[in-house]
Amino acid sequence: MNLHELIADTLRSGEVVVLPTDTVYGLVADPRSASAMQRLFDLKGRPEGVPIAVLVGSTSDARELVRANGLFDDLAARHWPGSLTLVADAVDDSLLIGEAQGSLGVRVPDHPLIAAVTSIFGAIAATSANRHGSPTLTQASDVEKEFGGYVDLIVDGGRLDGAPSTVVDVRGSSPIVLREGAISLDHE
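All you need for my numbering is the position in the sequence shown, starting with 1, plus 6.
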């Protein structure tokens with residue numbers, strides 16, 4: 007069994023995994039498993055109702071989960087794969103990502119490990135591997151100190167940049183930046 011299959015099997019078992027991405031280390035879980043998502047929310051210490059984004063392998067995978075509009079298509083074409091999370095209307099409410107009020111944040115990371123895992127497993131729920139309100143952890147050793155006894159697998163991807171993804175709401179006719187992050191939309 008290779009690493010990608012091990013990660014997918016661990017996620018299928020309802021476990022929480024820490025993976026490197028193109029931005030930060032992420033706590034990831036199966037967004038279709040209530041118990042896995044509860045563990046993820048508990049580990050993060052995130053307040054009730056704050057939704058968690060989903061990582062997918064391609065724009066077409068994202069389009070299966072959200073209702074894409076022209077703004078979505080334009081930003082996805084320019085920034086995916088990459089560090090941009092797009093918030094759009096969810097196709098349905100089958101993913102247990104928190105109280106997103108009919109919306110879903112999706113991202114196609116520019117990272118070969120995430121691409122391989124999502125091609126085997128499908129969409130994964132992901133949030134930065136730090137406690138809610140705490141600084142971002144940029145090294146696997148720091149993640150191990152914080153979460154080692156509580157997660158089932160930590161994949162060391164070296165030192166990461168530490169800048170989170172930029173989050174943009176594309177449900178309207180113009181983009182609304184919900185969180186400044188690794189990319190800027192100022193000149194778009």
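Keep in mind the hints are simulated off the structure, nothing from the lab. Please read all numbers here as calculations on a predicted model, not as lab measurements. Glycine included, C-beta positions come from ideal geometry on N, C-alpha and C. Fair warning: there could be bad hints in the mix.
Label-pair restraints from in silico Cβ distances [said to hold, decoys possible]: (1) P53 to N8: 33 to 39 Å; (2) S190 to S140: 31 to 37 Å; (3) S100 to S125: 30 to 36 Å.
For lysine to any residue, the following SDA-like pairs were computed, each having C-alpha atoms within a straight-line distance of at most 20 Å [said to hold, decoys possible]: (4) K151 to E21; (5) K151 to R69; (6) K151 to G163.
Mind listing which of the numbered hints don't hold for this structure, in increasing order?
-> 2, 3, 5
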